Amino acid sequence: MGGTWGRFNIAAIVLGFAFLYLPILLLVVYSFNESRLVTVWAGFSTRWYASLLSNDGLMDAAWVTARVAFISATVATVLGTMAAVALTRYTRFRGRLLFSGLIFAPLVMPEVITGLSLLLLFVAVGLDRGFVTVTLAHITFSMCFVAVVVQSRLVSFDRSLEEAAMDLGATPLRAFFQVTLPIIMPAVISGWMLAFTLSLDDLVIASFTSGPGATTLPMKIYSQVRLGVTPEINAVSTILIGIVALGVIAASIVNKRRDVLRRREENLARERGEG
Amino acid sequence: MQSLGSTRRSFAPWADPDAKPYIRFENVTKRFGDFIAVDDLSLTIYEREFFALLGASGCGKTTLLRMLAGFEHPTSGRVLLDGQDLRGVPPYRRPVNMMFQSYALFPHMDVASNIAFGLKQDGMQKGEIAERVAQMLKLVQLEPFAKRRPHQLSGGQRQRVALARSLAKRPKVLLLDEPLGALDKKLREETQFELMDLQHELGLTFIVVTHDQEEAMTMADRIAVMEKGRVMQVATPAEIYEAPASRFVAGFVGSINMFEGVLVKADGGAAEIRDRSGAPLLVGEAPAAAPGGTVWLAVRPEKMRVTRERPPEAANVLEGEIWDIAYLGDMTVYNVKLDDGRIIKASMMNSQRRLEDALTWHDRAWISFPADAGVLLTS
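The listed protein sequences derive, respectively, from chains A and B. Quick note: the first sequence uses this note's numbering, first residue 1, plus one each step. Quick note: the second sequence uses this note's numbering, first residue 1001, plus one each step.
Hints were generated in silico from the structure; no laboratory data involved. This structure is a prediction, so every number in the text was calculated from the model and none was measured. We treat Cβ as the ideally placed atom computed from N, Cα and C, and that holds for glycine. Worth double-checking, as some hints may not be accurate.
[Claimed, not checked] Short, incomplete list of chain B residues facing chain A, as computed with Cβ under 7 Å: (1) Tyr-1092; (2) Met-1098; (3) Asp-1122; (4) Gln-1125; (5) Pro-1150; (6) His-1151; (7) Phe-1248.
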C-alpha cells in the first residue's frame, strides 16, 4: 500500500491543486491587505471589508443579484421539474424528441447568443430592460439545467410507487405531491442550488438583458475592474467564495450523514434477519 | 367426467349455474403496439374465491391484473366488477387494491403512515385511522415496527407491510402480483398458509398472479393456466393436475409422461390405443374421439410402479432398464429407458426405511400402471 504514493503522484497532485486554487488563494490573501495597491503586501487588515459595507454601489448590486438568483432559481425549478416529469412520463407523445431537444439546446448554446436573442425579444415586445428582464433571462437559461438534474432522478424512479398511491385512492395530482415529489426532493433541491449559482455568477446574459438600476454583482465587479482592481473587489469576491464553499460543504456533510445512517439501519435490519 | 373430489372446504360457486359472477372478463384483448398481451380472453371469478393466474412470464397474467386495477385498459372487450362495467373508472375510484410485486412501499413514510395512506385519501377521521392502522399492524404482527421506515425492515416484514397497506381500505377484491416472489423458500411456504387463513377470515376475493405452480396449487380455489394471452384451462388444482385439458397444461404443471399413439378402440368409456412402438395401452376413460385419430396418453410419474418382476395383473406394462435414480428422501424418481429409447419417469414413495433388494442402475425393470392412471388427450 505504502508504495502507491510515489514522488511523481505527489508532485502531480500539488501542481494540479496549485493550478486550480493558487489564483483564488492569492485573491483571498490580498483581500486582507492593508495597502491600497493590490499587488503590494503591507500587512494584515480587514479595512476593505469595512469599507465594502459603506460602498452603496457594490451593496446594491449584491442585493439585486441575490433577489434575481432567488426568484429565477425558484421559478426555473418549478418549470424545469414540470418539463422533466413530462419528458419521463409521456414517452410516446408526438414530437417528444423535438421537445426534449428544445429543452436541452440552451445547455450548449453560447451565452452570447442566448443573451443577444433575449435582448432582441425584449426590445421587440417593448419590455423595459431592468430587474424583470434579467430575472426572466435567468429563468430561461437555468430551467434546462434543472430539467436535466430532475430528469436523471426520475429515470430511476419506481413508477409502481405512484401506481400504489393511485391504487390506494390518490388522484394523480395528489400522488405526485404526496409520493413522487418528496422522494425526488433531493434532486429538486440540487436543481435549485444549481440554478441559484448559475444566476449568481452570470455576467454575459445579464449584461445583455439588464438595464439601469438592475446592475448585478458580476456586472459591477467587471465594470470596476476595468478601472483597476481595488481591494474592495477582492473582499467581495472572498465573501462570495466563502458563501459558495459553505453551501457545498454543508450539502456534502448532510448527504454523507444520511448515507451513513441509512447504511447502519439497513445492516441492523439485515442482522435481525427475515421474519 | 366424474368429479375428482375437492381437497378443500365445500366451496364451489363455479359448479353452481345460479351463482352470480363477481368479476368478469368478456372477450378482453390488450395490444401493446404489435404485441398481443391478452387475446380475446373471457374469465369469470366468484365472490370470496381465491383465484390464481398461473403462467410463464409474458403470458399476460400481470396485464390482466393491471386491467382490473385500472392501470391498463382493454383494447377491446369489457371488464365487469359486481355487474359494473369498469371502463373509464380510474384506479383511484375502484374498490380493488393491489399488492405490488416490488411492494412499492413509500420510502419516505414509516410503516404506520404507509398503512394509513389509503385511509387518508378517503378523508377518514384521525381517530378512526389510528384505530384501523393498529388493527392492521396486529393482523400482520408488526406492532413493534410502526415507526420504522421500509428500509429498516427485512424482506418478510416489508411483504407484510405491503399486505397490511393493501388490506387497510377493506377492498372488495385484493390483487396480488407475485406476492411471495421476493421471499426465500421457507418463509414463502409459511406465508402461503398465512395468506390462505387471512383470505378465509376476511371473506375477501383474492386474485393472485404467480409463475410458481406449487404456490398456485397450495393457495388457490381455482387456477387459470395461461399461455400467450389465452386461458388454457380454468379448474381446481386437483383437476388441473389429474385431468389436464391439453398437453400444454399437463406439461406445465408437474412432470408427466406422454405416450403418443393412435386410438384403436373406444367403447363405453374404456379405450385402447396403440403407441409408437406398437404396444397396446389401456385407458379407463376416453374422451369422445373417433378411432384412428392421434391421441396422447398422459401419466404422472407417481401413478406408475417400478418392479423387478413383471406384475401379473397390471393393465399396462412396459419393460426397460433403470437409467437414472434420483433419491429425494420421501420418494425416489426412476428414469427408465425403454427398449425403443424412450425415457419414462416413475416415482415410488419410500414408505419403508430400508429396501431389501433395491433397484439400481442398469437393472432390468418393469413399469406398470392401471387403466385409470392416465388421461387421454386429443389436443
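Starting from the hint list further up, note which numbers the structure goes against and sort them upward. Result: hints 4, 5, 7 break, sorted rising.
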